[in-house]
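**Student:** The residues making up each chain are set out below.
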Amino acid sequence: MTELTTTERLALYGGGLLLLLGTVGIGLLEIVAGAPHPVSGDGQIVHEALVPITVRSYIILLGLVFWGAYATLSVARSPPTDTSV
Amino acid sequence: MATNIQTRLLGQDVSFPVKESKLAYWLVVLRLIVGWWFLHAGLDKFLAWPFDASWFVGGAAAQTSLGPVLTLFSDGVLLSFTNIMVPLGQTLIGLGLIVGALTRLAAFFGAFLMVFFYFVNGETGGWAHGVVTGDLLGLLIFAMIATLGAGRVLGIDAYLAKTTVVQNHPRLRYFIG
Chain A
389 MTELTTTERL
399 ALYGGGLLLL
409 LGTVGIGLLE
419 IVAGAPHPVS
429 GDGQIVHEAL
439 VPITVRSYII
449 LLGLVFWGAY
459 ATLSVARSPP
469 TDTSV
Chain B
148 MATNIQTRLL
158 GQDVSFPVKE
168 SKLAYWLVVL
178 RLIVGWWFLH
188 AGLDKFLAWP
198 FDASWFVGGA
208 AAQTSLGPVL
218 TLFSDGVLLS
228 FTNIMVPLGQ
238 TLIGLGLIVG
248 ALTRLAAFFG
258 AFLMVFFYFV
268 NGETGGWAHG
278 VVTGDLLGLL
288 IFAMIATLGA
298 GRVLGIDAYL
308 AKTTVVQNHP
318 RLRYFIG
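Going down the list, the protein sequences come from chains A and B.
Per my numbering, residue 389 is the first one in the first sequence, and the count goes up by one each step.
Per my numbering, residue 148 is the first one in the second sequence, and the count goes up by one each step.
Source of the hints: derived by calculation from the structure; they are not laboratory data.
Ranges of calculated distance between the beta carbons of each label pair, as one might list FRET restraints:
#1 A:Thr393 with B:Leu284: 22 to 32 angstroms
#2 A:Asp430 with B:Ala209: 18 to 28 angstroms
#3 A:Leu438 with B:Leu190: 40 to 50 angstroms
#4 B:Thr310 with A:Asp430: 49 to 59 angstroms
#5 B:Val216 with A:Pro440: 20 to 30 angstroms
#6 B:Asn315 with A:Pro440: 50 to 60 angstroms
#7 A:Ile419 with B:Tyr306: 44 to 54 angstroms
#8 B:Leu284 with A:Ile419: 13 to 23 angstroms
#9 B:Val175 with A:Leu392: 19 to 29 angstroms
#10 A:Arg397 with B:Ser212: 19 to 29 angstroms
#11 B:Lys309 with A:Ile419: 50 to 60 angstroms
#12 A:Leu405 with B:Pro164: 24 to 34 angstroms
#13 A:Val420 with B:Phe198: 43 to 53 angstroms
#14 A:Leu392 with B:Arg318: 13 to 23 angstroms
From the three backbone atoms N, C-alpha and C, an ideal C-beta is built for every residue, glycine too.
Construct the entire structure; sequences and hints are all you get.
**Tutor:** Here you go:
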């Protein structure tokens with residue numbers, strides 16, 4: 389059985405949490421408490437967002453930075469002990 | 148035949164069976180399709196040479212959150228570097244995924260490139276189709292390919308992993324599938 393180490397947990401849970409917050413979390417909030425999102429003739433959603441879309445994109449970017457940092461640190465740290473994966 | 152995955156996630160015991168045959172099949176299909184996506188994008192640029200990325204790094208990206216970083220690459224030596232590295236990188240990432248060689252390294256750089264495409268395309272388009280776009284999904288598929296080391300399935304990485312060089316330098320496992 390494999391388990392995540394504390395560092396892995398911090399990076400992967402942190403990054404995943406931010407990504408999920410930016411996409412699903414705020415997305416749900418917009419649906420429940422936000423302004424209606426009428427669809428324009430081109431099929432585009434007219435945004436009148438509760439949480440500014442830029443803030444939302446920064447949250448997602450931060451989550452991706454966590455993941456990128458995790459990948460980079462994994463390589464910089466000690467070599468893998470289990471070489472079967 | 149199925150393998151029982153057993154682990155702990157969010158403090159909970161997690162256990163579920165995975166059919167190896169379907170997982171292996173799926174990893175190869177994903178790798179080939181995503182690989183062709185990037186190989187095609189790279190070769191297209193070489194076939195229509197010269198490629199000029201200034202419209203992206205200097206134009207489209209200028210008003211976005213990544214603008215301060217990307218506009219540094221919009222002229223001079225750094226633009227020449229970008230003009231070569233984008234098509235070369237896309238071609239090598241695509242080739243790596245298709246033949247399953249240095250798969251994790253290729254997928255990491257694929258995801259790295261997708262971060263720029265995701266934010267610049269998203270922000271210049273005003274996120275008109277929401278924050279979950281094709282670019283973000285592409286990025287997530289690269290992350291999945293890297294996590295699962297898809298190059299080990301019908302890929303060159305399966306042979307690379309058995310070489311003495313890799314066995315003597317286990318850190319290289321981070322780069323191959």
